[in-house]
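**Student:** Each chain, letter by letter, is given below.
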Amino acid sequence: MAKFYFMSSQREEKQLVPRKDTVDLILNYSKALSVIDYKNMKFEALLN
Amino acid sequence: MKDCTLSDAVLVNNYIKGDETALSTLIERHKQRIYSFIYSKVFDRDVSEDIFQDTFIKVIRTLKLGKYNEEGKFLPWVMRIAHNLVIDHFRKGNRMPKFEDNGEFSIFSIISDGDLNAEKRLIKDQVEEDLRNLIHELPEDQKEVLVMRMYRDMSFKEISDKTGVSINTALGRMRYALINLRKVIDKNNIVLTN
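Top line first, the protein sequences correspond to chains A and B. Its first residue numbered -8, the first sequence is counted upward by one per residue in our numbering. Its first residue numbered 13, the second sequence is counted upward by one per residue in our numbering.
Mixed in with the good hints there might be a few duds.
Straight-line distance between alpha carbons at most 25 Å, and here's what the computed SDA-like set of lysine to any residue pairs gives [claimed, not checked]:
1. Lys132/B to Thr13/A
2. Lys33/A to Asn26/B
3. Lys195/B to Val139/B
4. Lys53/B to Glu32/B
5. Lys132/B to Asp66/B
6. Lys11/A to Lys155/B
7. Lys53/B to Gly30/B
8. Lys11/A to Glu61/B
9. Lys70/B to Lys85/B
10. Lys29/B to Phe102/B
11. Lys195/B to Asp15/A
12. Lys29/B to Ile27/A
13. Lys136/B to Ile202/B
14. Lys136/B to Asp15/A
Sample of chain A residues at the chain B side, in silico, Cβ under 7 Å [said to hold, decoys possible]:
15. Leu7
16. Val8
17. Pro9
18. Thr13
19. Val14
20. Ile17
21. Leu18
22. Ser21
23. Lys22
24. Leu24
25. Val26
26. Met32
27. Lys33
28. Phe34
29. Glu35
Estimated spans, in silico, between C-beta atoms of each pair [what the hints assert, rightly or not]:
30. Gly184/B to Leu38/A: 28 to 38 Å
31. Arg187/B to Lys22/A: 22 to 32 Å
32. Tyr29/A to Lys70/B: 22 to 32 Å
33. Ser167/B to Val8/A: 55 to 65 Å
34. Glu131/B to Val8/A: 33 to 43 Å
35. Tyr163/B to Val8/A: 21 to 31 Å
36. Ile28/B to Leu38/A: 10 to 20 Å
37. Pro88/B to Tyr29/A: 31 to 41 Å
38. Lys29/B to Tyr29/A: 15 to 25 Å
39. Ser25/A to Ala130/B: 14 to 24 Å
Since the hints were made in silico from the structure, they are not lab data. Keep in mind that this is a model prediction, so the values were computed, not measured. Note that beta-carbon positions come from the ideal geometry of N, C-alpha and C, so glycine has one too.
My request is simple: use the sequences and hints to build the entire structure.
**Tutor:** Below, the structure is given as structure tokens:
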């Protein structure tokens, strides 16, 4: 697929931030991830 | 945002102690810089989103597992993770054969994507790691038989020859290994399914 980079690349670079969905996914992943300590081991569990 | 005056080191510390909003503040504070850095290398919004996401998944896992030891240098550390993931992305790109869809022949008509998606792959890796850790805790004789049977695919006859015990003893050790694994899994509510 053709891509044209010469259009407005400078304008885009000023406001380069990740999408809200991406940030939300990261925050939800963080909330869901819990680490269980057992003896000397650590288990990860994703709780939804 | 309420934590905007706190330093990165304090926020990281709060997050490790369980304050989820600290992570939100850290992302809000640094997202533009990290995302711009990634985009400046890959020049693709979708790929940048993926790498940004993978970067923070790595950050979260490292912090929650207590493996972070660079207090006060949060941003350089995250940037290094992002940088490594960008390199991984380009390495992967070089290894992958490229096909052009010219209309006459579409590669997607004969190749289906049988791979696990990112989430399932993550879970699979996690389950396998948990299981390896559990096996590591078994008594030596049981661990030996289980590893030979399940990982090296040896028959009980071969295991018996190799370990110098009877086939029945090897079978018994395998049975106790599984019982012990189940016990620990039940006791700690460990989920080992994808």
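**Student:** Quick one: are tyrosine 29/A and lysine 70/B within 22 to 32 Å, going by C-beta?
**Tutor:** holds, 23 Å
**Student:** Could you check if leucine 7/A really has its C-beta closer than 7 Å to a C-beta on chain B?
**Tutor:** holds, 4 Å
**Student:** Taking 25 Å as the top limit, are the C-alpha atoms of lysine 132/B and threonine 13/A close enough?
**Tutor:** holds, 18 Å
**Student:** Compare the distance between the alpha carbons of lysine 11/A and glutamate 61/B with 25 Å, and conclude whether the hinted pair is satisfied.
**Tutor:** Given pair lysine 11/A, glutamate 61/B holds - Cα atoms ~10 Å apart, limit 25 Å.
**Student:** Would the hint linking lysine 195/B and valine 139/B be met if the CA-CA limit is 25 Å?
**Tutor:** Holds, at roughly 17 Å.
**Student:** Indicate whether the distance between the beta carbons of isoleucine 28/B and leucine 38/A respects the range 10 to 20 Å.
**Tutor:** Because 18 Å falls inside the window, the suggested range holds.
**Student:** Are the Cα atoms of lysine 33/A and asparagine 26/B separated by 25 Å or less?
**Tutor:** Measuring from Cα to Cα gives roughly 20 Å; hence the hint holds.
**Student:** Straight-line Cα separation of lysine 29/B and phenylalanine 102/B no greater than 25 Å?
**Tutor:** Answer violated: lysine 29/B to phenylalanine 102/B is near 36 Å, above 25 Å.
**Student:** Would the hint on valine 14/A be counted as holding, given a Cβ-Cβ threshold of 7 Å to chain B?
**Tutor:** Cβ of valine 14/A sits 6 Å from chain B, so the hint holds.
**Student:** Does isoleucine 17/A pass the interface check with chain B, least Cβ-Cβ distance below 7 Å?
**Tutor:** holds, 4 Å
**Student:** Would you mind confirming whether the straight-line C-alpha gap from lysine 11/A to lysine 155/B stays at or under 25 Å?
**Tutor:** violated, 47 Å
**Student:** Hint check: lysine 53/B vs glutamate 32/B, CA-CA at most 25 Å. Holds or violated?
**Tutor:** Violated: lysine 53/B and glutamate 32/B sit about 30 Å apart, past 25 Å.
Violated hints, listed in ascending order, are 4, 6, 7, 10, 11, 31, 34 and 35; each of the other numbered hints is respected by the structure.
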